[in-house]
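Asks: As they're listed, the protein sequences go chains A and B.
In terms of my numbering, the first sequence has 343 at position 343, counting the first letter as 1, and numbering is strictly consecutive.
In terms of my numbering, the second sequence has 100 at position 100, counting the first letter as 1, and numbering is strictly consecutive.
Calculated from the structure, these hints are not laboratory results.
Ideal Cβ placement from N, Cα and C applies to all residues, glycine included.
Treat the hints with care, as some may be off.
What the hints assert, rightly or not - Only pairs whose alpha carbons sit at most 27 angstroms apart, straight line, appear in this in silico DSS-like list of lysine-lysine: (1) B/14 with A/339; (2) A/77 with A/224; (3) A/339 with A/179; (4) A/179 with B/14; (5) A/380 with A/356; (6) A/339 with A/186.
Said to hold, decoys possible - Beyond 12 angstroms from chain B on every Cβ pair, some chain A residues (computed): (7) 5; (8) 20; (9) 277.
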Amino acid sequence: MPERPELVFAGTNGGALTRFEDYEAVGGFTPLRKARSMAPDDVIAALEASGLRGRGGAFFPTGRKWAFVPKPDQLAKPHYLVVNADESEPGTFKDREIMLRVPFRFLEGCLIAAHAISSQRVFVYIRGEYEREFEVLRDSLEAMRTADLLGGVTVVIHRGAGAYICGEETALLESLEGKRGQPRTKPPFPAIAGLYAAPTAVNNVESITTVTAVLELGATEYAKLGVENSTGTRVFSLSGDVVNPGNYELPHGITLRELIYDVGGGLPDGRELKAVIPGGSSTAVLTAAEIDTPLDFTSLVQAGSSIGSAGVIVIDDRCCMVQLGIRVSQFYEHESCGKCTPCRVGTCWLTQILQKIEGGRASQPDFDLLLSVCDRILGKCLCPLGDSDAIAVLSYVDRFRAEYQAHIDLGRCPFDGESSLEGILAPSALPHGKALEESHV
Amino acid sequence: MSTTFSSRVQNLRKSYPEAMSAVLPALRLAQEEHGGWLPPEALREVADVLDLTPAYCLSIASFYDQFRLEPMGRTVVEVCTNVSCALSGAQQVVEAFERELGVEAGSTSEDGAFTLGTVECLGGCGWATVVAIDNRHRLRVQAADVPEIVEELRDA
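Just chain A, with the same shape it has in the complex:
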């Protein structure tokens, strides 16, 4: 069993630290006092030294992101900290557990970050579907206000209303300004012109919670955990065909094999591993032969994938990879904001071509068309949503080409109705999406 140092979930003993006194009793708010006794630049320097990189998916160094925010004397505008709690990447459910179990450590991190970028205003953008998480944060914030810990900083918990795209930072800022959540052109980057065109740092929930841990532990000690380029611990979300799904905080660099078998108990009923999606549905799939890949930034890039949001989805041999492609593509098609044509149209095309392959109606040119559509999406949009669909689908085709080819050669799905995803392919029955689905499928 790999070692399990807990930083994000420290002191919880498997439970939750939702009472103010309980959090204080495990040393809570000491890191905040420490940070406030330091100059903002020193806090940023500590974060840079820790090697902490963003946990939302882009893995951008947190300290460097903050260093990009102009100093108050350089740009006389309000400075904003915006926390991305719009967790919606399929396979990812860690931020939710962090907000439920260590809400104070998260809010403490918000205040430390606000101090570092000289911000008096914090907005936490939490996805609208997280009802209980919202209530826990609201109550925890109230307790901190009563204890006079906010230090003049206003923290607003802002609820989203159901749109995956708002997890993209510029779409999130648009949404927070009261607009449709559609990504902006970059530059300017949020650090210079973010919320209300003012300097803004946008950070993920897990990143911000880890900031508290870095201040508590010290940058040097923190950087000793994990591996080069990927320091510290990570909350891995494990789901799919695995005995013990759940969130596990582990050091970066453990292998997929260790996570799936030693921590997750392996696959149920002695089934055979077929594929693993390592970092949420936007990341390229890996095959069973690749599970000795360590879960860190560099190793996953070398394997042709990405650590993404560390949402690990385990897939056993009952799953048809064309059906997986359809389901994943339907998601991106539904969530495309419609701003860029390659994404708006391309995601829809991918779903349709994949459905044709699955239905046994495809011929070789359809296969070429599938690859061509991917190529026409990649790198041609304002944000990575369309790319995510193309990257995922291309990886399924690349890793499981024979299975795709078999659909075309046989003129039917080789799983003969026995795939674990069979039947799930019905169009999403959403009151909003119905008319669209009917006209397109």
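Keeping the supplied structure of chain A fixed, place chain B upon it in accordance with the hints.
Replies: Below, chain B alone, put in the same frame as chain A:
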């Protein structure tokens, strides 16, 4: 429009440097007050208080999945059918709800009691299948659990 609605929206807008930022929370509030959806008058009310146009409010409401532009059942049941839930039997859960509620996914029962829908990832992949009932999440739901859940909902 009730004065309470107006004052509650005014109160919401105090959280933001610019009034337009309050449009999402205001629409959420209006939807609660109008029985779970946003009829044209609800959009007008939000527009009036925030100094926006009803058309603008509609453009926002139609973008976000949680805003409803048609009447919903008194209880809304939504089953996540994204990959992890699908691998864990979400389709069987959907079918069980269709059977027990006598309504097809994507529609509302004739007596207006239930709306059944399938939704994209609810962020509970490790606790599949996730079912949101009036936005409260039930975790690890299996098809066999559905009759009991429906009975509980009918009794409530």
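Asks: Does each hint hold? Answer for all of them.
Replies: So, going through the hints one by one against the coordinates:
1. Under the criterion of a C-alpha separation no larger than 27 angstroms, the hint pairing residue 14 of chain B with residue 339 of chain A is inconsistent with the structure, at around 31 angstroms.
2. Distance hint between residue 77 of chain A and residue 224 of chain A is unfulfilled; the C-alpha atoms sit about 38 angstroms from each other, more than 27 angstroms.
3. As the CA atoms of residue 339 of chain A and residue 179 of chain A are separated by approximately 13 angstroms, the hinted pair is consistent with the 27 angstroms bound.
4. This hinted pair checks out: residue 179 of chain A and residue 14 of chain B have alpha carbons roughly 18 angstroms apart, not beyond 27 angstroms.
5. Taken as a hint, the residue 380 of chain A and residue 356 of chain A pair is honoured in the structure, with Cα atoms around 25 angstroms apart against an allowance of 27 angstroms.
6. At roughly 14 angstroms between alpha-carbon atoms, residue 339 of chain A and residue 186 of chain A fall within 27 angstroms of each other, so this suggested pair holds.
7. The beta carbon of residue 5 of chain A is kept farther than 12 angstroms from every beta carbon of chain B, the shortest such distance being approximately 21 angstroms.
8. Listed as a non-interface residue, residue 20 of chain A keeps its Cβ farther than 12 angstroms from every Cβ of chain B; the least gap is roughly 23 angstroms.
9. With a least CB separation of 8 angstroms from chain B, residue 277 of chain A falls inside the 12 angstroms interface cut-off, contrary to its annotation.
Going down the numbered hints, you'll see the structure goes against 1, 2 and 9, while the others check out.
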